[in-house]
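A.B. asks: For reference, the chains in residue letters:
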Amino acid sequence: MTESTLFTVAFILYIGALIVFFAALFARREGWARAGLVLAAAGFLFHTAALVLRTASSGHAPFTNMYESLSFLSWSVVLAMIVFGRKSRVPGLAPYLMLIAVALVALASSPLMPKDATPLVPALQSYWLWLHVSVTLLGEAFFAVAFVASLLFLGAGSEEKKERLDALAYRAVAVGFPLFTLGGLVFGMVWAYRAWGRYWGWDPKEVWSLITWFVFALYLHTRIVMGWKGKRSAWIAIIGFLAALFTYFGVNYILSGLHSYA
Amino acid sequence: MKFQSRSQIEAMAKFKSQGDLVTSFYLDTDKGRLNRKEIQLALKNLLNDAKARACALAAAKDKTIAALRADRFRVTETPVGGRTVLRARKRRLGLFGSDVVHLGLLVILAGGFASGLGGRRAEIGLLEGETADVPQAAFRVRLDKFETEYYPKGGVKDWKSTVTVVENGAPVLTRVVEVNHPLTYRGISFYQTSYGWDWQKSAFELEVRKRADASFSKSVSLKLGERAAVDDVEITRVAIRQFVPDFVLGEGGKVQSRSQEPRNPAALVEAWKGEERIFSGWVFARYPDFGSGHPEGKSPFAFVLKRYEAAPYSVLEAAKDPGVNFIWLGSLFVVAGLFLAFYWPPREITAVLEETQGKVEVTAGGHAAKGGEAFQAEYDGIFERIRRPS
Numbered sequence: 001m002t003e004s005t006l007f008t009v010a011f012i013l014y015i016g017a018l019i020v021f022f023a024a025l026f027a028r029r030e031g032w033a034r035a036g037l038v039l040a041a042a043g044f045l046f047h048t049a050a051l052v053l054r055t056a057s058s059g060h061a062p063f064t065n066m067y068e069s070l071s072f073l074s075w076s077v078v079l080a081m082i083v084f085g086r087k088s089r090v091p092g093l094a095p096y097l098m099l100i101a102v103a104l105v106a107l108a109s110s111p112l113m114p115k116d117a118t119p120l121v122p123a124l125q126s127y128w129l130w131l132h133v134s135v136t137l138l139g140e141a142f143f144a145v146a147f148v149a150s151l152l153f154l155g156a157g158s159e160e161k162k163e164r165l166d167a168l169a170y171r172a173v174a175v176g177f178p179l180f181t182l183g184g185l186v187f188g189m190v191w192a193y194r195a196w197g198r199y200w201g202w203d204p205k206e207v208w209s210l211i212t213w214f215v216f217a218l219y220l221h222t223r224i225v226m227g228w229k230g231k232r233s234a235w236i237a238i239i240g241f242l243a244a245l246f247t248y249f250g251v252n253y254i255l256s257g258l259h260s261y262a
Numbered sequence: 001m002k003f004q005s006r007s008q009i010e011a012m013a014k015f016k017s018q019g020d021l022v023t024s025f026y027l028d029t030d031k032g033r034l035n036r037k038e039i040q041l042a043l044k045n046l047l048n049d050a051k052a053r054a055c056a057l058a059a060a061k062d063k064t065i066a067a068l069r070a071d072r073f074r075v076t077e078t079p080v081g082g083r084t085v086l087r088a089r090k091r092r093l094g095l096f097g098s099d100v101v102h103l104g105l106l107v108i109l110a111g112g113f114a115s116g117l118g119g120r121r122a123e124i125g126l127l128e129g130e131t132a133d134v135p136q137a138a139f140r141v142r143l144d145k146f147e148t149e150y151y152p153k154g155g156v157k158d159w160k161s162t163v164t165v166v167e168n169g170a171p172v173l174t175r176v177v178e179v180n181h182p183l184t185y186r187g188i189s190f191y192q193t194s195y196g197w198d199w200q201k202s203a204f205e206l207e208v209r210k211r212a213d214a215s216f217s218k219s220v221s222l223k224l225g226e227r228a229a230v231d232d233v234e235i236t237r238v239a240i241r242q243f244v245p246d247f248v249l250g251e252g253g254k255v256q257s258r259s260q261e262p263r264n265p266a267a268l269v270e271a272w273k274g275e276e277r278i279f280s281g282w283v284f285a286r287y288p289d290f291g292s293g294h295p296e297g298k299s300p301f302a303f304v305l306k307r308y309e310a311a312p313y314s315v316l317e318a319a320k321d322p323g324v325n326f327i328w329l330g331s332l333f334v335v336a337g338l339f340l341a342f343y344w345p346p347r348e349i350t351a352v353l354e355e356t357q358g359k360v361e362v363t364a365g366g367h368a369a370k371g372g373e374a375f376q377a378e379y380d381g382i383f384e385r386i387r388r389p390s
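For the protein sequence lines, the chains are A and B, in the order given.
Using the working numbering, read the first sequence as starting at 1 and increasing by one per residue.
Using the working numbering, read the second sequence as starting at 1 and increasing by one per residue.
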């Protein structure tokens, strides 16, 4: 099978999982949700195979253009969904996270997105490409979990549900924040120093990563030091994820800078 | 069993409970009230009872400690009064995670100041074979070779500058500097940052034609700004006043070069007949016929830019950054601290063992700074194991 076939199969399985998840949510059938998880996991395996195949055929890390990085980001979101969806007893989480993943995959497979593997420009030829991008996107996937949990929190009715969603959002930030710091900021600085000769240059992507980092640092400080919970925390997590999204998409399409390739 | 003194009984009770429990008995040894047999019986019962209690408490304690240790807790025990207090802790390092993060941020801040105050950077453009001074350094660098590698389908694959460090007139080391592979020597790093062609020193070949006479063709080699003789009565000399490798008209019709690449090379050519300037116009190497539709097309002469050659040069950035090691150290602290704080949360369980009315009672409480749900599960597991009869 070719990479694009595998990717399409994964896409179909994800859509199947999405439908089953939402059916389970609205029909209140927990058994169906487990079936959805199986579908999502199967899709995840095909998606992994597609990424591996692309890496093998292009000879470089599978996140050097928008198509590749979207594919990897959706892969990370599904991974985060499986990690959190399996353990958490929050029925709304899996369907909405899956919705984000499917939206990302759909965006990646849209005809507007050039899918050809292009040879790497000199600046990207480094193993730091692997470390910097994969860890950052993985961290952002957990921010997506916090985002979904926070949105669900704002819409939830019962106190018990709210408490669970609040705890879940916090756990996701606690997992994602160290990853984002390591991948996005520290690995980014190391690579920038090797490639461009400076560890920090106020490039738009750098500035927006820092803004995202500050928002989640605010989330953690208000929560741990000042004891904020619930509504206020949820809003900070939502703003943080939107900042992360802007760092990811907006900077590429609106602000140009040294990061304009991906 | 023989009569035993109070101190002997106490010693025995202590021994049975392994020193953790002090059981004391008051034994009325006044023979006038109880007969010897009764005293012995009472004593025997008391002893058995003490033995049983001490054993139960010791066993319960051992079981509790074993259950805690199975989950990698470090257990310390302190006897308090008649009770045993067990304090179990794990992942103590996680307590310091937040402090380590904030210390790291201070180190990064210090590094940023050091970079800002003591950092120096300069661009050094070098043609092949050229040697240049490195600002604020006691050595020089020489560019031995500069090459651009292309992918088979086009697109730049790499820029490689072979650089030799020259110290006191003698070469010290030679390295290839590429993007992502800088050279560091005596605290100064050299990065491949840019490249280009030294167009101002290019060598040109200009062909002069006459529109009226197709057989007339003369090629002239010249440099920028140089007047070269054509040796003809109608046109005596030509010159190239200006050259741009990638011609584009900017704001207000100003001639600019869009890039350093020879994508649309153009030369501003002037020609004279004696002292009279008879031509001045742009000549495009890629579009030799462009002049015909141009006002200059009325000129009886046509020019073709046949050759334009320039030496490639490489631009290296020499950077000295005294703060960078602070940045790495601080980053290490921040990341280690974050992972300690969020992936290694400290957990603590305190259990008090006490026996009341022949039963051992275990009272316990747990505390985890983060990850409450996971800790709850672990805590429940431990006490499930303790409760289970062995």
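To be clear, the hints were calculated from the coordinates, so they are not data collected in a lab.
Hints should not be assumed to be uniformly reliable.
[Unchecked claim] Per the computed footprint, the stretches of chain B lying under chain A, defined by three or more beta-carbons under 8 Å from a beta-carbon of chain A, are: (1) 70-83; (2) 178-185; (3) 314-321; (4) 329-338.
Owing to the predicted nature of the structure, the values given are computational and were not obtained by experimental measurement.
Note that beta-carbon positions come from the ideal geometry of N, C-alpha and C, so glycine has one too.
A.B. asks: Please go over all the hints and tell whether each is borne out by the structure.
C.D. replies: A quick look at each hint next to the structure:
no.	hint	in the structure
1	70-83	violated (count 0)
2	178-185	holds (count 5)
3	314-321	holds (count 3)
4	329-338	holds (count 4)
The structure shown violates just one earlier hint, number 1.
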